[in-house]
Amino acid sequence: MGLFSTIAEAAHAQVQAPYTDALTAAGINLPDVIASLENGVLTVSGTVPDGETAGKVVAALQATQGVTSVNNMLEVEDLTDKHIFMRVATKSSNLNIRKGPGTEHEIVGKAEHGAKVQLIKKMFNGWYFIHDTDGQEGFCSTDYLEEIPAEAAATTAH
Amino acid sequence: MKLKHILSGILLMSAMAFVSCKGKPKDLIVNKWKMTDISGGQMAAMPDSIKKDIMDKATLEFTKDGKYMITGIPNGETGAYTLTEDGKTLTMTPSTGGAGETSELNEIAKDKMVMTGKSSGSKITAVPR
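Chains as they are written, first to last, in the working numbering: chain A, 260 to 417; chain B, 21 to 149.
Heads up, some of the hints might be wrong.
Calculated pairs, SDA-like style, for lysine to any residue (alpha carbon to alpha carbon, straight line, at most 20 Å) [said to hold, decoys possible]:
hint: 1; chain 1: B; residue 1: Lys54; chain 2: A; residue 2: Met260
hint: 2; chain 1: B; residue 1: Lys72; chain 2: A; residue 2: Glu268
hint: 3; chain 1: B; residue 1: Lys72; chain 2: A; residue 2: Gln275
hint: 4; chain 1: B; residue 1: Lys143; chain 2: A; residue 2: His271
hint: 5; chain 1: B; residue 1: Lys71; chain 2: A; residue 2: His271
hint: 6; chain 1: B; residue 1: Lys143; chain 2: A; residue 2: Met260
hint: 7; chain 1: B; residue 1: Lys143; chain 2: A; residue 2: Glu268
hint: 8; chain 1: B; residue 1: Lys71; chain 2: A; residue 2: Gln275
hint: 9; chain 1: A; residue 1: Lys315; chain 2: A; residue 2: Gly286
hint: 10; chain 1: B; residue 1: Lys77; chain 2: A; residue 2: Ala276
hint: 11; chain 1: B; residue 1: Lys72; chain 2: A; residue 2: Gln273
hint: 12; chain 1: B; residue 1: Lys72; chain 2: A; residue 2: Ala272
hint: 13; chain 1: B; residue 1: Lys72; chain 2: A; residue 2: Val274
hint: 14; chain 1: B; residue 1: Lys143; chain 2: B; residue 2: Gly107
hint: 15; chain 1: B; residue 1: Lys138; chain 2: A; residue 2: Asn384
hint: 16; chain 1: B; residue 1: Lys71; chain 2: B; residue 2: Arg149
hint: 17; chain 1: B; residue 1: Lys87; chain 2: A; residue 2: Ser264
hint: 18; chain 1: B; residue 1: Lys71; chain 2: A; residue 2: Leu296
hint: 19; chain 1: B; residue 1: Lys138; chain 2: A; residue 2: Glu268
hint: 20; chain 1: B; residue 1: Lys77; chain 2: A; residue 2: Ser264
hint: 21; chain 1: A; residue 1: Lys358; chain 2: A; residue 2: Lys369
hint: 22; chain 1: B; residue 1: Lys71; chain 2: A; residue 2: Pro277
hint: 23; chain 1: B; residue 1: Lys54; chain 2: A; residue 2: Leu296
hint: 24; chain 1: B; residue 1: Lys72; chain 2: A; residue 2: Ala276
hint: 25; chain 1: B; residue 1: Lys77; chain 2: A; residue 2: Val274
No wet-lab data here; the hints were simulated from the structure. These numbers were taken from a predicted model, which means no experiment stands behind them.
Use the sequences and the hints to build the structure in full.
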């Protein structure tokens, strides 16, 4: 690694220590889970096996010092290599793309009705992190997406 | 005339003494160093308490045989280092393998070393421990 990387890793481990301890105390061993505290909001990211575990992670971290709320950004699966494409199937309006997985997060973009999006990550609550063909990225629910058959996705991929 | 020669000799000897005191970077780096400042780049956001703890505990040692050791912190490391002829570029390659890390050696003296990580953009100042 070298000096700078070693120091960065040591600092990271120290920042994460209270959260790692809280998870260990709750019987959760997920080294990929990372927490970062800013103005009392603890953002938790990383991969968990399922939504239930995500709930336990949040419950364990909520009690750590200085935390007033938790921004849950935990994911359950990276879908990038699966090349899953879906089409925006709203009645006519555009689909909101949000900053986080839930309607409480601000809208950061809109995918047009009929536009094609790729599912990148499946989140703890069934929402997805997506990319659209205009280069927008963010989170949306699959309630307004319909699957594009693999063959059709391949022919429209470019 | 004689006095002129004597003065020139004294000046020359003083200059040689200054150069030998200043030393070559490859010799000056051989020491045990304690960090006194970590700043900029990826480390700019590091909390001060953690920065202080790391600076207090970590020791960076370069030995004459081209080896280095980072000790005092949990994920300490050993490896080999090289310094370019001009003393400006330091490369540290861990013994565990993997890519080395290159830094620009901004300043090196008997009592101070300043380096900037080429990929991290962070700067470290160190003094002999």
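The hints, checked one at a time:
This hinted pair checks out: Lys54(B) and Met260(A) have alpha carbons roughly 19 Å apart, not beyond 20 Å. Among the hinted pairs, Lys72(B) with Glu268(A) is consistent with the structure: their alpha-carbon atoms are about 15 Å apart, no more than 20 Å. With a C-alpha separation of about 17 Å, the suggested pair Lys72(B) and Gln275(A) falls inside the 20 Å cut-off, and the hint holds. This hinted pair checks out: Lys143(B) and His271(A) have alpha carbons roughly 17 Å apart, not beyond 20 Å.
Between Lys71(B) and His271(A), the direct Cα distance comes to roughly 11 Å. Compliance with the 20 Å bound is thereby established for this hinted pair. Taking the CA atoms of Lys143(B) and Met260(A), the gap is about 16 Å. The hint holds against a cut of 20 Å. Annotation: proposed proximity of Lys143(B) to Glu268(A) holds, straight-line Cα distance about 16 Å (limit 20 Å). In summary, the hint linking Lys71(B) to Gln275(A) is supported, as the alpha carbons are separated by about 14 Å, within the 20 Å threshold.
Between Lys315(A) and Gly286(A) the alpha-carbon distance is near 10 Å, which keeps this suggested pair within the 20 Å criterion. Between Lys77(B) and Ala276(A) the CA atoms are separated by roughly 17 Å; this keeps the pair inside 20 Å, and the hint holds. Among the hinted pairs, Lys72(B) with Gln273(A) is consistent with the structure: their alpha-carbon atoms are about 12 Å apart, no more than 20 Å. Proposed proximity of Lys72(B) and Ala272(A) is supported: the alpha carbons are some 15 Å apart, at most 20 Å.
For the suggested pair Lys72(B) and Val274(A), the alpha carbons sit about 13 Å apart, so the restraint of at most 20 Å is met. Restraint check: the Cα-Cα separation between Lys143(B) and Gly107(B) comes to about 17 Å, which is no more than 20 Å; the hinted pair holds. With a C-alpha separation of about 40 Å, the suggested pairing of Lys138(B) with Asn384(A) is violated against the 20 Å cut-off. For the hint pairing Lys71(B) with Arg149(B), the CA-to-CA distance comes to about 17 Å; that is within 20 Å, so the pair holds.
Distance hint between Lys87(B) and Ser264(A) is fulfilled; the C-alpha atoms sit about 17 Å from each other, no more than 20 Å. As the CA atoms of Lys71(B) and Leu296(A) are separated by approximately 17 Å, the hinted pair is consistent with the 20 Å bound. Distance hint between Lys138(B) and Glu268(A) is fulfilled; the C-alpha atoms sit about 17 Å from each other, no more than 20 Å. Distance hint between Lys77(B) and Ser264(A) is fulfilled; the C-alpha atoms sit about 16 Å from each other, no more than 20 Å.
Restraint check for Lys358(A) and Lys369(A): satisfied, since their Cα atoms lie roughly 11 Å apart, inside the 20 Å limit. Restraint check for Lys71(B) and Pro277(A): satisfied, since their Cα atoms lie roughly 17 Å apart, inside the 20 Å limit. A C-alpha spacing of about 29 Å is found between Lys54(B) and Leu296(A), which places the hinted pair above 20 Å, so the restraint is violated. Taking the CA atoms of Lys72(B) and Ala276(A), the gap is about 16 Å. The hint holds against a cut of 20 Å.
For the suggested pair Lys77(B) and Val274(A), the alpha carbons sit about 16 Å apart, so the restraint of at most 20 Å is met.
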